[in-house]
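Generate coordinates for the entire structure from the input sequences, incorporating the hints supplied.
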Amino acid sequence: MEIQQIEAIIEAVLFASGDAVSVDKLCEITEVDKTTLLSVVAHLSDTMNYERRGIKIIRVGDKYQMATRGEFSEYVQKITPPKKRNPLSKATLEVLAIVAYKQPVTRTTIEAIRGVNSDNSVTRLLELGLIEETGRLDAPGRPSLFGITDEFLRSFAIGSVLELPPINEFVIQDLPDIGAEGAQQIIE
Amino acid sequence: MEIQQIEAIIEAVLFASGDAVSVDKLCEITEVDKTTLLSVVAHLSDTMNYERRGIKIIRVGDKYQMATRGEFSEYVQKITPPKKRNPLSKATLEVLAIVAYKQPVTRTTIEAIRGVNSDNSVTRLLELGLIEETGRLDAPGRPSLFGITDEFLRSFAIGSVLELPPINEFVIQDLPDIGAEGAQQIIE
Amino acid sequence: MKQISFKLEIFEGPLDLLLHLISKNKVSLYGIPVSEITEQYMDYLAEMKHFDIEVSSEFLVLAANLLYIKSKMLLPKYDGTEEDDDPRTELTQRLVEYKRFKEAAQYLCEREFAGSHTFYKLRDYIEPRLIDESLADVTALHLLDAISDIADRVTYRKPVSARAFTGLVGREVVSVFSKVKAVLLTLKSLKRMRFLDVFRGVKTRSEAVASFLAVLELVKMNRVKITDNGGDVEIKYQNVRKKEAIGFGNPAD
Numbered sequence: 120m121e122i123q124q125i126e127a128i129i130e131a132v133l134f135a136s137g138d139a140v141s142v143d144k145l146c147e148i149t150e151v152d153k154t155t156l157l158s159v160v161a162h163l164s165d166t167m168n169y170e171r172r173g174i175k176i177i178r179v180g181d182k183y184q185m186a187t188r189g190e191f192s193e194y195v196q197k198i199t200p201p202k203k204r205n206p207l208s209k210a211t212l213e214v215l216a217i218v219a220y221k222q223p224v225t226r227t228t229i230e231a232i233r234g235v236n237s238d239n240s241v242t243r244l245l246e247l248g249l250i251e252e253t254g255r256l257d258a259p260g261r262p263s264l265f266g267i268t269d270e271f272l273r274s275f276a277i278g279s280v281l282e283l284p285p286i287n288e289f290v291i292q293d294l295p296d297i298g299a300e301g302a303q304q305i306i307e
Numbered sequence: 120m121e122i123q124q125i126e127a128i129i130e131a132v133l134f135a136s137g138d139a140v141s142v143d144k145l146c147e148i149t150e151v152d153k154t155t156l157l158s159v160v161a162h163l164s165d166t167m168n169y170e171r172r173g174i175k176i177i178r179v180g181d182k183y184q185m186a187t188r189g190e191f192s193e194y195v196q197k198i199t200p201p202k203k204r205n206p207l208s209k210a211t212l213e214v215l216a217i218v219a220y221k222q223p224v225t226r227t228t229i230e231a232i233r234g235v236n237s238d239n240s241v242t243r244l245l246e247l248g249l250i251e252e253t254g255r256l257d258a259p260g261r262p263s264l265f266g267i268t269d270e271f272l273r274s275f276a277i278g279s280v281l282e283l284p285p286i287n288e289f290v291i292q293d294l295p296d297i298g299a300e301g302a303q304q305i306i307e
Numbered sequence: 683m684k685q686i687s688f689k690l691e692i693f694e695g696p697l698d699l700l701l702h703l704i705s706k707n708k709v710s711l712y713g714i715p716v717s718e719i720t721e722q723y724m725d726y727l728a729e730m731k732h733f734d735i736e737v738s739s740e741f742l743v744l745a746a747n748l749l750y751i752k753s754k755m756l757l758p759k760y761d762g763t764e765e766d767d768d769p770r771t772e773l774t775q776r777l778v779e780y781k782r783f784k785e786a787a788q789y790l791c792e793r794e795f796a797g798s799h800t801f802y803k804l805r806d807y808i809e810p811r812l813i814d815e816s817l818a819d820v821t822a823l824h825l826l827d828a829i830s831d832i833a834d835r836v837t838y839r840k841p842v843s844a845r846a847f848t849g850l851v852g853r854e855v856v857s858v859f860s861k862v863k864a865v866l867l868t869l870k871s872l873k874r875m876r877f878l879d880v881f882r883g884v885k886t887r888s889e890a891v892a893s894f895l896a897v898l899e900l901v902k903m904n905r906v907k908i909t910d911n912g913g914d915v916e917i918k919y920q921n922v923r924k925k926e927a928i929g930f931g932n933p934a935d
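Just so you know, the sequences run in chain order Z, E and L. Per this note's numbering, residue 120 is the first one in the first sequence, and the count goes up by one each step. Per this note's numbering, residue 120 is the first one in the second sequence, and the count goes up by one each step. Per this note's numbering, residue 683 is the first one in the third sequence, and the count goes up by one each step.
Simulated from the structure, these hints should not be mistaken for laboratory data. Possibly wrong hints are sitting among the right ones.
Unchecked claim - Listed next, the in silico DSBU-like pairs over lysine-lysine satisfying Cα-Cα at most 35 Å (straight line):
#1 Z:197 / Z:221
#2 Z:221 / L:706
#3 E:144 / Z:197
#4 Z:175 / E:175
#5 Z:153 / E:202
#6 Z:209 / L:708
#7 E:209 / Z:203
#8 Z:202 / E:182
#9 Z:153 / E:175
#10 E:202 / Z:175
#11 E:144 / Z:202
#12 L:885 / L:870
#13 L:752 / Z:209
#14 Z:203 / E:203
#15 Z:197 / Z:209
#16 L:907 / L:873
#17 Z:144 / E:202
#18 E:144 / E:182
#19 Z:175 / E:182
#20 Z:203 / Z:144
#21 Z:202 / E:153
#22 L:706 / Z:209
#23 E:197 / Z:144
#24 E:202 / E:175
#25 L:754 / Z:221
#26 E:197 / Z:202
#27 Z:175 / E:153
#28 Z:144 / E:203
#29 E:182 / Z:144
#30 Z:197 / E:182
#31 E:202 / Z:202
#32 E:197 / E:153
#33 E:203 / Z:197
#34 L:731 / Z:209
#35 L:907 / L:885
#36 E:209 / Z:144
#37 E:153 / Z:203
To be verified - Not everything, but these chain Z residues come out facing chain E in the computed CB check (under 7 Å):
#38 148
#39 171
#40 193
Note that CB positions come from ideal geometry on N, CA and C, so glycine has one too.
Shown next, in the form of structure tokens:
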């Protein structure tokens with residue numbers, strides 16, 4: 120099959136699906152290997168971006184999805200009003216950050232990190248579909264494990280959790296950047 | 120606004136809408152007059168067709184809609200998980216059993232035995248190559264006679280119909296036989 | 683420390699409060715002046731109580747932890763000054779981790795609506811393909827079951843109404859009642875008739891059956907009497923008034 124035809128198939132499939140389609144599924148549909156598929160999608164995406172077309176292809180974790188180009192949102196909004204929601208509270212954003220960086224994670228872990236009960240925030244995030252139960256921990260009580268959703272990635276325009284800045288790179292502001300040895304010195 | 124940008128807006132709007140959008144609405148959104156709009160849509164549509172892209176623009180009355188190109192439908196269909204169909208429904212299995220145990224039989228006989236119209240099952244079994252027309256009955260209308268095929272013997276791993284699990288002879292005899300011959304008998 | 687002028691409600695929890703105090707005092711996370719910070723922390727809890735804000739157990743747990751660390755700090759040091767001997771280490775680690783997630787939360791906060799200019803489309807309805815399962819699971823025994831099922835059904839199937847066959851075999855349905863009327867009409871004038879004459883002119887099997895049933899019905903109603911007249915069965919008309927009980931003779935005799 121020609122590259123151009125695979126591109127067209129991917130375009131048709133992503134269009135019809137509307138939702139994000141996994142790389143594996145696209146490979147199965149187009150009957151090409153993953154490496155080829157990724158390069159074809161990249162080429163299609165580049166072309167769309169270069170030509171500044173109305174639609175583009177975004178990455179959602181290990182899936183691809185067709186979407187409108189952001190710069191045309193004012194026009195698109197005239198036909199499909201955007202979903203509005205209130206900004207998340209500080210507490211809820213903290214929980215979301217913990218889930219995004221440490222998934223899969225239990226309520227207990229979230230609570231241990233924040234030092235405070237976080238049930239309300241967890242419930243809110245579940246309601247908004249930004250996190251979901253991804254399984255259960257094989258431990259007493261079989262507690263739920265939470266992970267982030269495609270909706271989170273789309274909403275925050277993050278292709279995958281791997282694109283998040285590494286947690287250790289967040290500068291601990293207002294504090295001298297010192298390691299354990301430094302700590303020792305200060306204690307002395 | 121440049122033509123290329125209007126095209127992109129139309130593409131974005133038609134995509135996000137998913138549905139057909141009226142020419143008037145498109146004029147309102149892009150803020151161009153109808154003549155311009157029609158020529159821009161025509162150009163966009165021509166480009167999509169020329170490039171044999173996965174999507175195209177179709178006209179629905181005085182509306183436009185984005186759709187997948189027909190030639191890719193077999194790929195698009197693969198998005199939805201296929202529905203598994205039992206190759207032999209209960210009805211079809213019954214018809215097959217009748218043909219196997221009583222061959223050669225006419226449709227009328229099959230129907231008389233089962234007490235319900237069995238045309239769909241007969242058609243399905245013909246499609247699957249499990250039964251075939253083996254001749255015609257020398258009776259008014261010259262109805263087809265059906266018998267089992269070699270494919271049937273292979274599928275069921277039996278050498279011949281004689282190897283079918285034995286069944287009480289009377290059961291077979293007791294089954295109504297109201298084919299053309301049977302009808303004759305009743306009339307006397 | 684008299685005027686602690688922070689809003690009480692802004693803290694997400696005890697760690698958040700502690701980070702605030704550390705930052706306010708411009709001290710390092712890695713060298714928390716436990717004594718001072720603990721004092722300020724306790725003041726804050728007192729303030730909460732003063733404003734009738736429920737002090738959750740989490741705040742109290744950390745307070746106890748701080749007091750414990752403070753007391754450990756006051757004890758003379760052992761000679762081996764291992765890092766882990768610092769009673770603050772665990773708390774510091776928790777604070778560092780929590781602070782990192784606070785930063786991450788801030789990062790997410792800035793991006794929260796980054797995707798809001800992007801629109802998606804709903805899924806089209808796509809007819810699923812039909813895939814035949816393998817025939818491998820179907821065996822000849824299934825055929826046996828099927829044919830047996832049919833045989834059972836045929837045995838118990840309700841008799842097909844005569845009407846269903848009328849078109850097929852060209853019979854017309856003859857009601858018993860019509861035959862009763864016909865026989866009675868004949869008998870009223872003739873008073874008696876040969877049993878076989880009842881069947882005169884009968885064309886179909888169903889008409890014959892109806893005629894026979896009509897005679898039986900008339901016997902039951904005491905309207906006729908069957909007699910055996912030397913091998914020839916006769917039907918005699920009975921006057922209705924006569925309440926003579928009549929035994930049922932076998933008409934075939």
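For this session: With a cut-off of 35 Å on the C-alpha distance, tell me whether residue 197 of chain E and residue 202 of chain Z pass.
Result: Judged against 35 Å, a Cα distance of about 30 Å means the pair holds.
Problem set entry | Proposed proximity, residue 182 of chain E with residue 175 of chain Z (alpha carbon, max 35 Å) | Distance of about 23 Å is within 35 Å: holds.
For this session: Would you check the hint for residue 202 of chain Z and residue 182 of chain E, treating anything up to 35 Å between C-alpha atoms as holding?
Result: holds, 25 Å
Exercise. Does the interface hint hold: is residue 148 of chain Z within less than 7 Å of chain E, judged Cβ to Cβ?
Worked result: At 5 Å from the nearest chain E Cβ, residue 148 of chain Z passes the 7 Å test, so the hint holds.
Exercise. Residue 221 of chain Z and residue 706 of chain L: Cα distance at most 35 Å?
Worked result: At roughly 29 Å apart (the allowed maximum being 35 Å), residue 706 of chain L and residue 221 of chain Z satisfy the hint.
Exercise. Quick one, are residue 907 of chain L and residue 873 of chain L close enough, alpha carbons at most 35 Å?
Worked result: holds, 11 Å
Exercise. Taking only the CA atoms, is the gap from residue 144 of chain E to residue 202 of chain Z under or equal to 35 Å?
Worked result: holds, 21 Å
For this session: Quickly compare the C-alpha distance for residue 144 of chain Z and residue 202 of chain E to 35 Å and report which way the hint goes.
Result: holds, 17 Å
Exercise. Between residue 175 of chain Z and residue 175 of chain E, is the straight-line Cα distance small enough, at 35 Å or below?
Worked result: holds, 15 Å
Exercise. Straight-line Cα separation of residue 203 of chain E and residue 197 of chain Z no greater than 35 Å?
Worked result: violated, 42 Å
Exercise. Given the hinted pair residue 153 of chain Z and residue 175 of chain E, is their alpha-carbon gap at most 35 Å?
Worked result: Given that 35 Å is the threshold and the Cα spacing comes to 27 Å, the pair holds.
Problem set entry | Distance restraint between residue 197 of chain E and residue 144 of chain Z, which requires alpha-carbon spacing of 35 Å or less | holds, 9 Å
In the structure shown, a violation is registered for the earlier hints numbered 1, 7, 14, 32, 33, 40, in ascending order.
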